[in-house]
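Here the sequence shown stands for residues 1 to 562, numbered as in the numbering used here.
Hints should not be assumed to be uniformly reliable.
Unchecked claim - Ranges between beta-carbon positions, derived for each pair:
| # | residue 1 | residue 2 | range |
| --- | --- | --- | --- |
| 1 | Gly513 | Lys275 | 18 to 28 Å |
| 2 | Gly355 | Ala281 | 15 to 25 Å |
| 3 | Asn401 | Lys275 | 41 to 51 Å |
| 4 | Asn462 | Gly528 | 15 to 25 Å |
To be verified - In silico BS3-like pairs for lysine-lysine, Cα to Cα no more than 25 Å straight-line:
| # | residue 1 | residue 2 |
| --- | --- | --- |
| 5 | Lys59 | Lys344 |
| 6 | Lys89 | Lys180 |
| 7 | Lys195 | Lys59 |
| 8 | Lys89 | Lys68 |
| 9 | Lys167 | Lys127 |
No lab work stands behind these hints: they were computed from the structure. By construction, the Cβ of each residue, glycine as well, lies at the ideal position given by its N, Cα and C atoms.
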Amino acid sequence: MSDSDLIKGKECRFATFCDNGSDHDLHVVKEYIHHADGTRTPNIALHWNYQRDFYVTRKGFQDHEDKKENEAIEKVQRYETTQSKLVNKLSQVLHGRPAGPRTRLRELAQSPFIYGCDISSTALLKKAYRKQYPTCIHPTATVAVLDIETDVISGTGDIILVTLSFKDRIVTAINTRFLKRVRDPITNVNRLLQKHLSEELKARNANVEIVLFDTPGECCEHVLKRAHEWMPDFITVWNINFDVPRIVKALDKDGYNLADVFSDPRVPVKYRHFKYREGAAQKVTQDGTTLSKHPADRWHSVECPASFYFMDSMCLYKKLRLAKGNDASYGLDFMLKKHDIRGKLHLSEVEHLKGLRWHQKMQQDFPFFYVVYNIYDCMSVEFLDEKTTDLSIAFDANCGNSDYVNFPSNPRRIMDDLHYFFLDRGQVVGSTGQDMTHENDEFVIGVDQWICTLPSDNMDDNGLAIIREFPNLRSMIRIHAADSDVKATYPTEQITCNISKATTMRELSHMDGFTEQQRRVIGLNLTGGVSNALELSTMIYKTPTLFEWGDLMDEAVAMGEF
């Protein structure tokens, strides 16, 4: 037996939970089999009736009314159940009866005696792999890129091209209606591929498969079939909210079952499912204002049991760089050039055209080049990720033990980590109920409106008067400005100071002579005591301001005291 036949261990890249309402549930795991010779083989593993755990306080210790953040392991009883039966099992343990048909987990978790229910079964399964095979964790994920082009001439908006590129493999499915007036389209496309992308294709030793189908749905089905065969970890799209909804529409129109097309063919039919969740287009600020989100700020997700996970590289690019502020553009061409990568393909004959007019001219007069353009759009996103490593390395590393869908939620990922943090220390973490308010909350500063504690309208009106027609109107532009930020106050400060419900004996309820707004400012300034010492002194202890100290100094000098 060779080393390649010997299995060193297994690695879980991600897991998907399948619940079809029967007595059995299924977890589909995209895993890698690690061999003794150092190679890895991608695989789909089916875990039937995976047993997850939860904890309930033992009867002798159920002597408190308030929820605890954590409890000693010896004071709780550990139970196991499948994810689909968690609510029923929890109800039986708490109340001695099965849950009602409309009972929800958060409703039962309102009990102060429930622990370990918030973490998902998929995250537990992912951690179980890492615990069993600690040396079988590969830092780099495999990334394929998908892109479509739609008809902008006849007004149908139908898909005319679908491409999926994955390292040395590329497949492009073309709707025959797009090339119905031309002869031998595949030969013509291959000729232009060699003319415009010969270096890129040669460097990757890429094989390009070009196929023709009569309908957009057939094009999409074929490309997704190749994706199941190739088994990348991620299929990413630059602005996924353009592509996936149109793919769904094309498949629906042709009568395809979305669950069958998107799910791995090894998943039993009755456990296949598909759901596209569009990220919120608006956000509501703390003061109730509704604002539209930039497309790069939205977080869309695709749920299906497959060997790949759908991602939006545009949204991920911005999410990983929030601290650096916004880029001038999140268009693919801009990003490629920013990272010194060849931009989108263009022809000199149509350089004078932009936007929709450019696409119309290309589809009408340069269809073969348009196919090559579509192929390079996919390859270029691969080049970009190979340079930034956003998806191949950073994304999975940031997710840690958490599910990919929870990447945008820092609190959720922190709580997943705390689940294991407490277990390693002989504790279990509490579970969140549907209503976490407390009767004493009305006596302390609320947890809302913190983002608006220091709104811009509180700034001094000392901006430059730069509008000629309104010489007395001050703008928000200033020459001299300084800013002092406190990095990582949350959760670093809570961890460093060991702040929790268990360690808090008293909480400040009132300060005579201060409004709630002032108390909020004081609370914020205390997180950076050294930087904000002067403001704290003048606000709390009523010490003189710097200007008042200056006046006192002038008076002292005038009186000869200095």
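Hint by hint, here is what the structure shows:
1. Gly513 - Lys275: 18 to 28 Å: With a Cβ separation near 55 Å, Gly513 and Lys275 fall outside 18 to 28 Å, so the hint is violated.
2. Gly355 - Ala281: 15 to 25 Å: holds (22 Å)
3. Asn401 - Lys275: 41 to 51 Å: violated (23 Å)
4. Asn462 - Gly528: 15 to 25 Å: holds (23 Å)
5. Lys59 - Lys344: violated (66 Å)
6. Lys89 - Lys180: violated (60 Å)
7. Lys195 - Lys59: Between Lys195 and Lys59 the Cα gap is close to 76 Å, so the pair fails against 25 Å, i.e. violated.
8. Lys89 - Lys68: holds (22 Å)
9. Lys167 - Lys127: violated (29 Å)
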